[in-house]
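K.L.:
Spelled out from the first residue to the last, the chains are:
Number of protein chains: 4
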Amino acid sequence: MVRIPIAVLLSGALLLFSFNTMIKPTRVVFFGDSITEAGARPGGYIVQLRDSLAAHNRAADYELAGAGIGGNKVYDLYLRMEDDVLAQQPDVVVIWVGVNDVWHKRSYGTGTDADKFQRFYTALIKKMQAQGIRLVLCTPACIGEKTDCTNMLDGELNQYSNIIRDLANQYNCGLCDFRNAFMEYNNLHNPKNQDKGILTTDGVHLNEAGNAFVASHLLNKI
Amino acid sequence: MVRIPIAVLLSGALLLFSFNTMIKPTRVVFFGDSITEAGARPGGYIVQLRDSLAAHNRAADYELAGAGIGGNKVYDLYLRMEDDVLAQQPDVVVIWVGVNDVWHKRSYGTGTDADKFQRFYTALIKKMQAQGIRLVLCTPACIGEKTDCTNMLDGELNQYSNIIRDLANQYNCGLCDFRNAFMEYNNLHNPKNQDKGILTTDGVHLNEAGNAFVASHLLNKI
Amino acid sequence: MVRIPIAVLLSGALLLFSFNTMIKPTRVVFFGDSITEAGARPGGYIVQLRDSLAAHNRAADYELAGAGIGGNKVYDLYLRMEDDVLAQQPDVVVIWVGVNDVWHKRSYGTGTDADKFQRFYTALIKKMQAQGIRLVLCTPACIGEKTDCTNMLDGELNQYSNIIRDLANQYNCGLCDFRNAFMEYNNLHNPKNQDKGILTTDGVHLNEAGNAFVASHLLNKI
Amino acid sequence: MVRIPIAVLLSGALLLFSFNTMIKPTRVVFFGDSITEAGARPGGYIVQLRDSLAAHNRAADYELAGAGIGGNKVYDLYLRMEDDVLAQQPDVVVIWVGVNDVWHKRSYGTGTDADKFQRFYTALIKKMQAQGIRLVLCTPACIGEKTDCTNMLDGELNQYSNIIRDLANQYNCGLCDFRNAFMEYNNLHNPKNQDKGILTTDGVHLNEAGNAFVASHLLNKI
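Protein chains in written order, with the numbering used here: chain A, 22 to 243; chain B, 22 to 243; chain C, 22 to 243; chain D, 22 to 243.
Don't read these hints as lab results, they were simulated from the structure.
Among these hints, one or two may not hold up.
Identical copies carry no separate label here, and so any pair may be met within one copy or between two of them.
No farther apart than 25 Å at their CA atoms in a straight line, the calculated lysine-lysine pairs in the DSS-like style are these [stated by the list, open to error]:
1) 137 x 217
2) 137 x 148
3) 147 x 213
4) 147 x 137
Full structure from sequences and hints, please.
P.N.:
Below, the structure written as structure tokens:
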């Protein structure tokens with residue numbers, strides 16, 4: 022029988038520990054629009070995710086960075102992908118875009134055609150996957166929280182969400198289906214058919230409950 | 022026992038017949054947009070309604086007239102109500118409008134605000150009821166026949182249909198809820214989630230089945 | 022020679038004076054959108070008009086009242102003409118509308134078709150003239166003050182202004198052509214091709230100079 | 022004095038001639054939307070350019086190829102630049118785009134924001150110039166030919182034309198300023214203020230005169 026002196030065991034453990042702390046943490050970039058931009062602010066879902074990881078003693082395993090800019094559509098992400106995402110050499114990118122692609126059709130006349138949305142989104146995926154990045158795609162959650170099928174833009178949100186679901190499937194990306202999750206949540210928790218105030222402050226941007234809801238969904242995906 | 026001579030019976034029958042043929046038929050005006058305009062053409066639902074009445078030997082009881090003009094919105098109806106409807110002194114008016122009020126938001130930027138839709142519709146109702154006209158209000162059927170909640174304008178069609186339902190209720194008008202009827206029909210008969218071709222030729226205008234469907238629904242209302 | 026005692030002359034003068042002060046002042050209602058609404062506030066052009074009349078000792082000859090509501094289009098004026106204008110029994114109505122009819126095409130998809138603009142405007146004119154009201158029509162001034170022909174909505178503002186000019190001519194109304202006046206002013210006073218800040222705060226609503234400019238133009242028309 | 026026999030001179034001339042005919046012709050790709058697509062059809066400006074070159078005995082010096090697709094906006098060009106232009110290894114590319122970037126704001130709600138137009142256009146320029154391609158940029162000609170400043174989209178056409186002019190200047194590209202050229206032509210030849218029919222069939226697409234006009238302008242630029 023071979024006896025290993027305690028000193029050796031201890032030094033082995035220390036080595037292991039040092040090694041562990043030296044491991045490069047998983048770098049996650051959240052790439053999106055104003056919802057993501059707000060997510061990186063105090064109370065935002067990215068900050069809450071960091072807190073959750075810390076609570077699970079996983080703080081050192083992840084570096085979370087927000088790369089959201091208000092008003093961004095899919096081709097804005099495309100135009101700034103190099104500078105804002107690839108340059109950070111992330112391991113994981115969470116893409117959450119689509120609300121403005123639909124919304125701006127109405128507010129500015131500069132929304133994104135569905136087929137172009139699909140093409141630019143595909144270009145994002147291919148470029149990032151070519152760099153070995155793991156992707157999590159998110160469907161746009163809502164523009165209005167009503168549950169009686171009168172939100173003005175639900176039809177298109179569903180259409181663009183379908184495009185994202187198909188892409189996630191086709192390119193083996195993770196999928197965080199906020200569109201479905203928000204609709205299910207509202208069906209249960211919005212009995213008065215309110216336009217906003219359940220998970221959002223204004224029908225689009227997350228309130229406190231919304232940020233917590235999003236953080237808990239993303240925790241499993243990264 | 023009193024015996025009534027045949028001659029008397031006969032003359033009574035003749036009198037009744039004459040009286041019957043002298044009764045003014047119920048005059049029904051169909052007031053609306055291109056769907057109604059097409060309804061008055063061969064194969065259209067107004068023509069089919071006439072045929073149905075004839076088949077039930079009720080042809081003499083009704084005069085049906087189309088007053089549909091392509092592209093009309095609620096305020097177009099308002100602007101031509103005097104000339105095209107009131108001047109005909111109808112007993113019943115079937116109002117079917119709303120598709121263009123929603124659709125033109127996208128195609129021309131000149132759709133109708135929901136609150137103005139409600140106000141002009143109310144003005145139509147009040148003016149016609151003041152003349153003793155019985156009203157049947159119809160909800161806009163569809164813009165796109167998909168059943169997976171991706172028709173671009175479903176949210177607003179539902180919103181404007183709600184306005185019409187409320188007005189029918191508030192002003193004691195008949196209601197022909199084509200919005201509901203079309204959705205139910207498509208849920209059963211559109212398993213491939215087609216955009217058109219079930220009850221419409223193009224997602225909006227009625228095909229043969231659509232005209233028959235609409236005629237059968239309206240038959241009970243007039 | 023007939024001598025008239027001074028007492029008689031004096032009492033006659035007093036009578037005349039009393040009579041003069043008893044003459045009903047000319048009641049002017051300013052009927053329009055947010056620009057008119059703001060015009061009735063301190064510093065607004067309606068208030069400035071009142072001050073100008075007072076400075077000319079004509080304060081007692083006119084009663085000026087604002088009837089502007091933000092966001093109004095021509096058919097909004099039509100819908101509230103009875104309550105907000107005719108009920109005040111004005112002698113003169115200054116109509117200033119058109120900016121939102123054009124602008125809302127872009128911002129909400131609910132602008133006014135040019136032909137409907139013409140029809141509702143005509144309905145306003147006919148109804149008011151039938152009540153003996155004298156009308157002053159104003160063309161929409163601007164949406165953006167640039168002078169290099171890149172204001173997004175100039176084409177339509179010019180088109181709708183032409184409709185108003187034609188109506189003023191056809192129905193013998195006064196015309197206050199702010200569209201022309203503003204363009205001429207900007208060509209002289211906006212050498213840096215600014216989008217706003219010359220006569221407006223935001224390209225549409227009047228700043229101090231704008232209110233003074235408008236007041237001076239309207240002074241001659243009423 | 023050295024005498025060169027005529028035979029030598031002749032053979033030298035022949036050699037020069039052969040050499041000349043062996044020189045690779047300048048390959049020009051016309052990259053754009055439906056206007057360019059139609060330009061490659063019989064009667065189109067690209068075909069007319071070929072005829073003009075032939076008439077000047079320059080047919081062998083140029084290869085002209087159309088790469089226009091109806092409905093294209095600047096980012097459509099961007100998405101298909103590799104396949105449709107770079108793969109052809111052109112010496113010169115004539116870019117003519119912008120009409121749909123403006124027009125689709127109204128017709129589909131999917132026009133291009135001015136700043137994105139500038140960014141994608143810049144990306145086109147940089148990519149092509151990096152491959153040694155000489156560029157000729159064209160401003161969008163017109164959407165409506167009226168001369169009284171009531172074309173609905175003139176403001177934005179002028180704005181986007183300014184962007185193209187600035188880019189041509191900044192990146193040392195050739196510029197074919199059709200926007201200016203068409204306006205000048207219409208000011209002279211459209212005295213009745215027609216909406217179409219001068220250089221276009223429908224306000225946008227070139228008629229016979231328009232194709233000739235465009236061909237003559239491009240002849241000097243390539």
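K.L.:
All hints are to be evaluated individually against the structure, with a verdict given for each.
P.N.:
Structure-based check of all given hints:
no.: 1; hint: 137 x 217; in the structure: between (30 Å within a copy, 23 Å between copies)
no.: 2; hint: 137 x 148; in the structure: both (16 Å within a copy, 20 Å between copies)
no.: 3; hint: 147 x 213; in the structure: neither (43 Å within a copy, 31 Å between copies)
no.: 4; hint: 147 x 137; in the structure: both (15 Å within a copy, 22 Å between copies)
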